[in-house]
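Please work from the sequences and hints to get the whole structure.
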Amino acid sequence: MSFIRPLLTIKNAQSQFRLISRSMATEMSFTFASPAQVIYNQARNVKQVDVPSLSGSFGILANHVPTLAVLKPGIVTVTETEGAVKKFFVSSGSVAVNADSSVQVLAEEAFPVEQLDLKAAQEQLAEAQASLSSASSDVAKAEAQVAVETAEAVVRAIQTGV
Amino acid sequence: MLYWRQAGLNYVQFSNIASRIVRRCVQENAKKDAIKREEAHARINKWQDGKMVQTKASN
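Just so you know, the sequences run in chain order R and L.
In terms of our numbering, the first sequence has 101 at position 101, counting the first letter as 1, and numbering is strictly consecutive.
In terms of our numbering, the second sequence has 39 at position 39, counting the first letter as 1, and numbering is strictly consecutive.
No lab work stands behind these hints: they were computed from the structure.
Remember, it's a predicted structure, so these values are computed and weren't measured experimentally.
Please note that the accuracy of each hint is not assured.
Just the calculated beta-carbon pair ranges, DEER-fashion [to be verified]: (1) L:N29 with R:L54: 26 to 34 Å; (2) R:E114 with L:V53: 47 to 55 Å; (3) L:N45 with R:V70: 34 to 42 Å; (4) L:E39 with R:S134: 24 to 32 Å; (5) R:S57 with L:M52: 50 to 58 Å; (6) L:D49 with R:P112: 52 to 60 Å; (7) R:D50 with L:Q48: 52 to 60 Å; (8) L:H41 with R:P66: 38 to 46 Å; (9) L:A57 with R:A33: 27 to 35 Å; (10) L:V12 with R:K87: 20 to 28 Å; (11) R:D50 with L:K32: 57 to 65 Å; (12) R:A84 with L:M52: 49 to 57 Å; (13) L:I44 with R:R156: 38 to 46 Å; (14) L:R37 with R:L61: 29 to 37 Å.
Distance condition first, Cα-Cα at most 30 Å in a straight line; then the derived DSBU-like pairs of lysine-lysine [as the list claims (entries may be wrong)]: (15) R:K87 with L:K36; (16) R:K141 with L:K31; (17) R:K86 with L:K46; (18) L:K56 with L:K46; (19) R:K87 with L:K46; (20) R:K86 with L:K31; (21) L:K36 with R:K86.
In this text, a Cβ means the ideal position worked out from N, Cα and C, and glycines have one as well.
So this is what it looks like as structure tokens:
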């Protein structure tokens, strides 16, 4: 009966391989939304997503390691399978990457970069800088600093697309 | 540690400030709707002995 053992081993290896290949999705299921609108709803036509997070910016492809992160003001870049690249400015929110290659980006505000207004952003930046220099308490200073950095990110996004 | 965490702000407060700025940085047509989203309305009705005695609207 000694010939059975190698057969069992092969069988075992096959089933393990199947297990692995089943968990390796070739595409991601991408969801991107804000309270005001749904931009992608479990879309399958997305190849890569780049997100700005508090712990640094990172790109997501199918089979990315499961991750949770919070967003910082910046550009979310969505590369679709056909090659179209779409850029959205997000204020904040969360990103979840799951083991089944589903990805959820939930932003508090999200606008296509083309909808941003340079003049308005520069006004916001000047206003925030003014309130930063007049802030007296630590909390007021931090709040103004957050506003300054957000406005700077918007201006940078319009001028350089980054 | 992030400076705003150090100052005692939490992420929700950070998010509020950031989205408030972003809403004001968009083109005029989108800005109006965006700023409208900031408003929250609540109406408080006080009841006594099965009757409404006071109505207060707040925002």
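Enumerated hints in conflict with the structure, sorted upward = Hint check: 11, 17 and 19 fail, others pass.
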